[in-house]
Amino acid sequence: MALFPIHQYFYRNGKLKPCGEFVASENEGGVYEVLRVVDGIPLFVEDHLERFYCSAEIAGKTLHFSAGELLKMLYELIKKNGVNEGNILISCKVNLKAFFIAHSYPGVNDYMNGVSCGLLHAERHNPNAKVFQTQVRTEANRLIAEHDYYEVLLVDHNGNITEGSRSNVFVVRNEKILTPLASKVLVGITRQKTMECARNLNIGIEEKELPLSGLQENDAVFLTGTSPKILPVNRIENVEFDVNSLLLRQLMREYDRMIEDYVAEEKKRPFRS
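Residue numbers (this note's numbering): 1 to 273.
Rather than coming from a laboratory, the hints here were simulated on the basis of the structure. Take these hints with a grain of salt, some might be off.
As the list claims (entries may be wrong) - Simulated crosslink set (DSBU-like; lysine-lysine; CA at most 35 Å straight-line):
1) LYS267 / LYS15
2) LYS208 / LYS93
3) LYS15 / LYS72
4) LYS267 / LYS79
5) LYS267 / LYS72
6) LYS268 / LYS15
7) LYS17 / LYS93
8) LYS93 / LYS61
9) LYS15 / LYS61
10) LYS61 / LYS72
11) LYS61 / LYS208
12) LYS267 / LYS61
13) LYS208 / LYS176
14) LYS17 / LYS61
15) LYS61 / LYS80
16) LYS93 / LYS80
17) LYS72 / LYS268
18) LYS61 / LYS79
19) LYS80 / LYS15
20) LYS93 / LYS267
21) LYS17 / LYS267
22) LYS93 / LYS79
23) LYS80 / LYS267
24) LYS268 / LYS80
25) LYS80 / LYS17
26) LYS15 / LYS79
27) LYS72 / LYS17
28) LYS268 / LYS79
29) LYS17 / LYS268
30) LYS79 / LYS17
31) LYS72 / LYS93
32) LYS61 / LYS268
33) LYS15 / LYS93
Claimed, not checked - Here are the in silico distance ranges between beta carbons for each label pair:
34) ASP39 / GLN216: 33 to 43 Å
35) GLY214 / SER183: 12 to 22 Å
36) GLN135 / GLU217: 28 to 38 Å
37) ASP47 / GLY204: 16 to 26 Å
38) GLN135 / GLY214: 20 to 30 Å
These numbers were taken from a predicted model, which means no experiment stands behind them. Virtual Cβ for every residue (Gly too), placed ideally from N, Cα, C.
Please work from the sequences and hints to get the whole structure.
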């Protein structure tokens with residue numbers, strides 16, 4: 001998966017470089033993390049870095065920079081490129097890199113009316129580690145392009161929905177929120193924050209298997225991720241869902257409030273802005 005920086009500077013092995021020196025390479029097997037910049041602040045950056053280092057440990061990669069050093073690199077990257085909104089990718093196969101990548105955020109209509117999803121019978125190796133896995137990503141992209149889906153949901157060999165190809169999935173059923181077991185998915189940062197939002201709102205939430213055969217039993221479905229935040233799903237293939245679920249809309253508002261609070265607090269810290 002060849003990814004290129006979209007702004008003037010990137011970091012390689014702790015040094016700021018002009019993007020003219022960037023060399024794209026195959027990232028299969030390399031660990032990576034994508035985080036969102038909001039008003040000049042890398043959102044939930046401590047959580048993202050913790051997961052990045054966890055992925056590296058699972059994948060047997062040695063990172064030669066501390067989380068504190070990488071944090072300073074990210075803020076310098078934002079400052080030097082003069083970017084207030086966007087996505088940064090941190091990756092390590094051989095070299096540690098950090099750079100802004102192209103992003104696509106859902107529009108107002110997507111949040112109001114929901115998006116459509118397809119299904120893909122596939123499983124990611126090492127689901128708890130964020131590692132480039134070209135085969136699943138390629139097949140997912142093919143289905144998305146062919147059917148104009150926003151996302152495809154992965155179904156494992158037991159017939160359970162696990163996660164999106166680039167997102168986590170939740171369902172609303174009987175006034176409760178359900179999501180697949182953490183051991184079966186990449187535990188996304190937005191997934192964690194969504195569960196925190198649910199607890200803040202005293203909404204019941206449970207991790208359990210979500211059989212594809214029981215898809216129609218769910219009242220609502222939504223995706224979570226760095227770019228989509230909390231995004232309603234209006235249908236999965238030919239099964240439709242309620243995008244105006246009260247619990248879902250409460251969660252969306254609570255998550256947006258959490259982002260606003262985080263950004264405001266981060267701006268008070270040294271070297272943050």
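Checked hints:
no., hint, in the structure
1, LYS267 / LYS15, "25 Å, holds"
2, LYS208 / LYS93, "33 Å, holds"
3, LYS15 / LYS72, "11 Å, holds"
4, LYS267 / LYS79, "13 Å, holds"
5, LYS267 / LYS72, "14 Å, holds"
6, LYS268 / LYS15, "26 Å, holds"
7, LYS17 / LYS93, "18 Å, holds"
8, LYS93 / LYS61, "8 Å, holds"
9, LYS15 / LYS61, "20 Å, holds"
10, LYS61 / LYS72, "21 Å, holds"
11, LYS61 / LYS208, "31 Å, holds"
12, LYS267 / LYS61, "32 Å, holds"
13, LYS208 / LYS176, "12 Å, holds"
14, LYS17 / LYS61, "23 Å, holds"
15, LYS61 / LYS80, "28 Å, holds"
16, LYS93 / LYS80, "25 Å, holds"
17, LYS72 / LYS268, "16 Å, holds"
18, LYS61 / LYS79, "28 Å, holds"
19, LYS80 / LYS15, "12 Å, holds"
20, LYS93 / LYS267, "32 Å, holds"
21, LYS17 / LYS267, "26 Å, holds"
22, LYS93 / LYS79, "26 Å, holds"
23, LYS80 / LYS267, "17 Å, holds"
24, LYS268 / LYS80, "20 Å, holds"
25, LYS80 / LYS17, "11 Å, holds"
26, LYS15 / LYS79, "14 Å, holds"
27, LYS72 / LYS17, "15 Å, holds"
28, LYS268 / LYS79, "16 Å, holds"
29, LYS17 / LYS268, "28 Å, holds"
30, LYS79 / LYS17, "14 Å, holds"
31, LYS72 / LYS93, "21 Å, holds"
32, LYS61 / LYS268, "34 Å, holds"
33, LYS15 / LYS93, "17 Å, holds"
34, ASP39 / GLN216: 33 to 43 Å, "41 Å, holds"
35, GLY214 / SER183: 12 to 22 Å, "20 Å, holds"
36, GLN135 / GLU217: 28 to 38 Å, "31 Å, holds"
37, ASP47 / GLY204: 16 to 26 Å, "24 Å, holds"
38, GLN135 / GLY214: 20 to 30 Å, "28 Å, holds"
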